[in-house]
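Visitor: Here are the chains, one letter per residue:
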Amino acid sequence: MLKWGNRDMARRGAIGLLVIWGLFLLLLPLAPGIVSVFAEEAPAAAANADPNAKKDDTPKAEVAKDVYYKTEGIVSGPPAPKLKYPDDYGRYGNIQSRTLIWIANQQHLYFGSFVLAVPMFVFVMELVGMLQKDKKMGKKYDDLAHEMMKISLTAYSITAILGGLLIFTFLALYPGFFGYLAKIFKPIMHVYALLFILESGTLYVYYYGWDRMNDSNGLLKWSHLSISLLLNTIGLALMFFANTWVAFMQSPAGVDEQGRFLGNIWRAVHTPLWIPIVVHRILGNAAFGGGVVAAYAAYRLLAAKDSAERAHYDWMSYTAMFMGILNLIPLPFAGYWLMREVYAYRQQMGITLMGGLLAWVFIMQATMIATLFVTTNYYLWQAMGRMPGGERYTRYFKYLLLILIVSTLVWLTPHTLVMSPAELKAMGGAQHPVVGNYGVMSAKNTAINTIITTTVLCFVLYQRCNKVPTVKWAHFGNIVLAALFIGAELNIIFLGIYGYYIPANVRIGLSVPQVCSTLTTLFVGVTINTLMLKNARSLGEIRWGTLSTRGAYALFLLAVSFTWTMAVMGYIRSSVRLHWHINEIMRDNSPWAFTNPIGYAGNINSLNVLIFWTMLLFVFWLGALAAKKAPARQEVPVGVGVGEPVIASH
Amino acid sequence: MAGETQTEEKWGVVKTVAVFTACFAVAVAYYLGLDWAMMVPIQNLPFPYR
Numbered sequence: 001m002l003k004w005g006n007r008d009m010a011r012r013g014a015i016g017l018l019v020i021w022g023l024f025l026l027l028l029p030l031a032p033g034i035v036s037v038f039a040e041e042a043p044a045a046a047a048n049a050d051p052n053a054k055k056d057d058t059p060k061a062e063v064a065k066d067v068y069y070k071t072e073g074i075v076s077g078p079p080a081p082k083l084k085y086p087d088d089y090g091r092y093g094n095i096q097s098r099t100l101i102w103i104a105n106q107q108h109l110y111f112g113s114f115v116l117a118v119p120m121f122v123f124v125m126e127l128v129g130m131l132q133k134d135k136k137m138g139k140k141y142d143d144l145a146h147e148m149m150k151i152s153l154t155a156y157s158i159t160a161i162l163g164g165l166l167i168f169t170f171l172a173l174y175p176g177f178f179g180y181l182a183k184i185f186k187p188i189m190h191v192y193a194l195l196f197i198l199e200s201g202t203l204y205v206y207y208y209g210w211d212r213m214n215d216s217n218g219l220l221k222w223s224h225l226s227i228s229l230l231l232n233t234i235g236l237a238l239m240f241f242a243n244t245w246v247a248f249m250q251s252p253a254g255v256d257e258q259g260r261f262l263g264n265i266w267r268a269v270h271t272p273l274w275i276p277i278v279v280h281r282i283l284g285n286a287a288f289g290g291g292v293v294a295a296y297a298a299y300r301l302l303a304a305k306d307s308a309e310r311a312h313y314d315w316m317s318y319t320a321m322f323m324g325i326l327n328l329i330p331l332p333f334a335g336y337w338l339m340r341e342v343y344a345y346r347q348q349m350g351i352t353l354m355g356g357l358l359a360w361v362f363i364m365q366a367t368m369i370a371t372l373f374v375t376t377n378y379y380l381w382q383a384m385g386r387m388p389g390g391e392r393y394t395r396y397f398k399y400l401l402l403i404l405i406v407s408t409l410v411w412l413t414p415h416t417l418v419m420s421p422a423e424l425k426a427m428g429g430a431q432h433p434v435v436g437n438y439g440v441m442s443a444k445n446t447a448i449n450t451i452i453t454t455t456v457l458c459f460v461l462y463q464r465c466n467k468v469p470t471v472k473w474a475h476f477g478n479i480v481l482a483a484l485f486i487g488a489e490l491n492i493i494f495l496g497i498y499g500y501y502i503p504a505n506v507r508i509g510l511s512v513p514q515v516c517s518t519l520t521t522l523f524v525g526v527t528i529n530t531l532m533l534k535n536a537r538s539l540g541e542i543r544w545g546t547l548s549t550r551g552a553y554a555l556f557l558l559a560v561s562f563t564w565t566m567a568v569m570g571y572i573r574s575s576v577r578l579h580w581h582i583n584e585i586m587r588d589n590s591p592w593a594f595t596n597p598i599g600y601a602g603n604i605n606s607l608n609v610l611i612f613w614t615m616l617l618f619v620f621w622l623g624a625l626a627a628k629k630a631p632a633r634q635e636v637p638v639g640v641g642v643g644e645p646v647i648a649s650h
Numbered sequence: 651m652a653g654e655t656q657t658e659e660k661w662g663v664v665k666t667v668a669v670f671t672a673c674f675a676v677a678v679a680y681y682l683g684l685d686w687a688m689m690v691p692i693q694n695l696p697f698p699y700r
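Chains A and B are the protein sequences, given in the same order. Letter by letter, the first sequence follows residues 1 to 650 of the working numbering. Letter by letter, the second sequence follows residues 651 to 700 of the working numbering.
It is worth saying that the hints were derived from the structure and are not from the lab. Please read these numbers as outputs of a predicted model, since none were measured by experiment. Please note that a few of the clues may not be correct.
Claimed, not checked - In silico lysine-lysine, DSS-like type, Cα no more than 27 Å apart, as pairs: (1) A:Lys472 with A:Lys534; (2) A:Lys183 with A:Lys60; (3) A:Lys186 with A:Lys60; (4) B:Lys660 with A:Lys472; (5) A:Lys534 with B:Lys660; (6) A:Lys534 with A:Lys135; (7) A:Lys70 with A:Lys186; (8) A:Lys534 with B:Lys665; (9) A:Lys150 with A:Lys139; (10) A:Lys186 with A:Lys82; (11) A:Lys84 with A:Lys186; (12) A:Lys472 with B:Lys665.
What the hints assert, rightly or not - Listed next, with one range per pair, are the computed distances between beta-carbon atoms: (13) B:Val678 with A:Leu402: 16 to 26 Å; (14) B:Val678 with A:Leu625: 57 to 67 Å; (15) A:Thr530 with B:Val663: 27 to 37 Å.
Built from N, CA and C at the ideal position, the CB exists for glycine as well.
Could you put together the complete structure from these sequences and hints?
Guide: And the structure:
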């Protein structure tokens, strides 16, 4: 019989709950399939019946071939309409409808990403808090999780409002396109809407039941955690579903070449780019969310009135940034996988992206990625300034910065330059004889892997910043770490140079060992470092609250860079469809079926960033307004931290 | 980092260089093996290319 005071039983019961939820959620993706079984299929068979057939003849269902999977299916829907302007499009005055849908879509995506990411962090924070042996530390993590959740609460409502705005914008400005999409994806759209209701209910129970269910790691607390897991799973499911439409537009499947649905909703859902987009978005959203929360905490740090508040927000900003960066590091690899799948799906689309029309937009993206990584490293150097013992590593920063700058220059270098015919002639060709060599993937992969390896090294230094290893094999461990990092970097450079001498179809495979070298430094390097720091002698507590103002501004830059990067990547994804609403299926016949000039795109991206941050500042203000009490105040002298989180102590 | 650790014996330059060379050789062997494994069996691409 369950005893309420028996923690073991409570834990087992909660684990049981988690398992049940987990099974439920694993079955959830079947929902669209189940719905589609009962969904009314278009009477294609009857429509195709031969009117001259004898009455007792059964009209044969028309069969067609899937445009991607090449399997045959029964035609179950009308062909994609050939849209006409202005009949099938809406317009407000002289404003480009494409720009309006762009803004509506991007704002919804920003807030959707934010409310997807924050519960992930909150789940981790709550779990870490529950697993802490030190109750005081556990409460700190729990309070941090609660505070992070509070920040995102208003954002949920805004996400839903923007979703409604997006749908109305589609209906008003692109009714022909949206009607076709809705015909195919109607089961998904309904499940999507129902999941929103479930998510809202779960969210409110989770947030408002926080204190009520906090029974010191008893059954209620574990149940609360399982609600968090449910909330996250619903959020991810929503993203999975939303990505089906985006992926279908870019790489349609489940329809024939006329756009007629072939009855299998799973085929329409499981398009070739669906999962790569999902993986890239999960990591991107988590990185973005971490950056935004870190920026919020950085602002509260700068505006703090006393040392306890400063210490709290300094710690919060570090924790959020850490979780964001953890997702930023594998993000380029997910992006590269997505690109490889794009090339595998349609080589021409890949060339348009990186070697043709959108090549310079990718240079803009490269600038943003470089900004993100350099800023991350800069923040870590500033953060080391508040750790006793950090001065030992200050002399290495300039070498790390040199590596980052050189890698960034290679990373940014375009393959072709915008030149006049006279300049082309003077240069002797479309590519510069020296710099042009850095404009190809061999150099780019080498550069980004170097940047990421350097960031990992910086983090390893941060881990050991205020510690002195006391294990007997510490010197040997340092030698192993040096060999690991130097070996990885030499291997990355070797593969980069080697790639110039082999055919392209072999060269693209070299990115995998390059990535694995970088990941080796991350997993093996951090593990060795962590083992070396067991029972290490501390040189002093981290002086939370004494982060330099420059460090806080670095977090602002990080958050805005994340936002701008998302804007430019969204622009790229939409533009690569060129004059298609749905690639090779439904043509865009509006007056705006052209690729925007890069300057215009940059301006709209910046406008989107501005709108988002204005709305987000309102969200933060509301969160601060609703605060019932300030963070736990302790009478501590300025410069002394109030506690050291487990993460930073490793 | 020299002088940082307290409890283990100090290594001389020769020993440090020798151990580093050995570790570096192991690292190079690991990375080249990784290159081969990621190219040949995983992606069915030649490494080294001939």
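Visitor: Need the list of violated hint numbers for this structure, in ascending order.
Guide: none
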